[in-house]
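Visitor: From first to last, the protein sequence lines are chains V and H. For reference, each letter of the first sequence is one residue, going 1 to 260 in the numbering used here. For reference, each letter of the second sequence is one residue, going 1 to 260 in the numbering used here.
Please keep in mind that the hints were generated in silico from the structure rather than gathered at the bench. Because the structure is a prediction, the values reported are computed rather than measured. Zero decoy hints are in this set.
The list makes no distinction among identical chains, and a pair is therefore deemed to hold if it is satisfied within one copy or across any two copies.
Below 20 Å or equal to it, Euclidean Cα-Cα: the simulated SDA-like pairs (lysine to any residue) are: (1) Lys49 with Arg23; (2) Lys187 with His155; (3) Lys49 with Ala79; (4) Lys3 with Asp15; (5) Lys187 with Gly158; (6) Lys47 with Gly2; (7) Lys3 with Glu27.
2 protein chains.
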Amino acid sequence: MGKVYLVGAGPGAPDLLTLRGARLLAEADIVFFDALVHPGTLALAAKAKKVAVGKRCGQVSTDQRYINGHLVDAAQAHAVVVRLKGGDPMLFGRAQEEIAELETAGVEYEVVPGITAALAASAQLGVSLTRRGVARSVTFATPRVGDGEDESANHWVGSAANADTTVLYMAAGHAATHARELIAAGKSAGTPVICIESATLPEERRVATTLGGLLRGIPGNGGPALLCIGEVYREWLADAQRMRPDAGQRQTTVEQCSLN
Amino acid sequence: MGKVYLVGAGPGAPDLLTLRGARLLAEADIVFFDALVHPGTLALAAKAKKVAVGKRCGQVSTDQRYINGHLVDAAQAHAVVVRLKGGDPMLFGRAQEEIAELETAGVEYEVVPGITAALAASAQLGVSLTRRGVARSVTFATPRVGDGEDESANHWVGSAANADTTVLYMAAGHAATHARELIAAGKSAGTPVICIESATLPEERRVATTLGGLLRGIPGNGGPALLCIGEVYREWLADAQRMRPDAGQRQTTVEQCSLN
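Generate the whole structure from the sequences, applying the supplied hints.
Guide: Have a look at this one:
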């Protein structure tokens, strides 16, 4: 019986994988990977059979039960099975369902954390999620729009509206709706927002605006995007508005907005 | 003029550093490192001069201005300067002050993200921070107890009490106070809590309880500890209460508590 490793591939750039993740990929006999995993990361699994399971941003395109079952089956046939997931396995993935299936089947497993997109975005922007005197709490959330699938769908607003800094994952497509919800919950329309798409990849793009500006929606190129919201971004947005792009501000667009 | 890299060393275990961080350490001429950085991580900086700046868990033991100034000075003398910080640089560090000083001095810099402790703890516990139908928002916060240093000190409660999952950093020492604040803000006393100390290191310890149980404080061994709070931990706590330690539950203590 083999062992299954749930490995976080990190935000995009292949060299943001952990050393442990890289070692396990090199040892892997078979790798099940998400759609967003970089080809350069997959290439580290030199001797492994590679199976695409086509999940993107937490959406299911391969049936989750199919993935769960395949992990258990693979552990019967191979010593080292890697389930390679974008970002970190324990944040906005469906790792818990995979873990439950492995536990039920008595398959040994280990989780290897990965750099989650919000941390990578912060590094790219040069803006701390927390900052002395400005922010000592940060909320990560995935809002869901009107699908009624689960009752916790609207809980995110209370936490996000009260956090000093908020990062919304998989939310850019309904940015205007989420901005409206946050403003209704008491967040100022002048709160700075930076939308960052494809963070750490060459095609990385940033759009700087405010919650009020976000009400008009946000342009996107189809890459995975984060909405970074909070006072910690005020200086960055003001600099972008003054058209003083520094080395860190590649491909930055400033949407029409007021910081007041 | 050299370049300064602010590198996240990750949660503890040296192989949870990123590939990029490892490469930069190997290239570094000089490394300024925090007290909590593992000797095995430092050893990767084979040719670098190593300077301890003695910060632990965000507390300042070396004056922050001293560190800021030294980074600028080092960039005049060395090509590759690494500032190695525990966890991730952009979460609960003082990176923004270092970045501001580098920008003012016109020194080029880059931030390399690291695995933050909450993600490492989740991997160790095998419990997702988010989970379909249970949790779609997570708050990370550092409460501060009555020092009056900054006015945002109490904002954390609103966000933490409303989040589905909450992870408190640098909070175990005043666990009872924080539990009282969260209960006063509406969080149920039966909410499961896992305190994890020295996550990913051989001396890792877990204490499982509830917010109500936390009112009696929590025993600690002096290592960096997280308080992980939320319904996602209910099953883990129930298993621990039934004394069915699995492979993942090394050094686990269950405090007297009720899950209701």
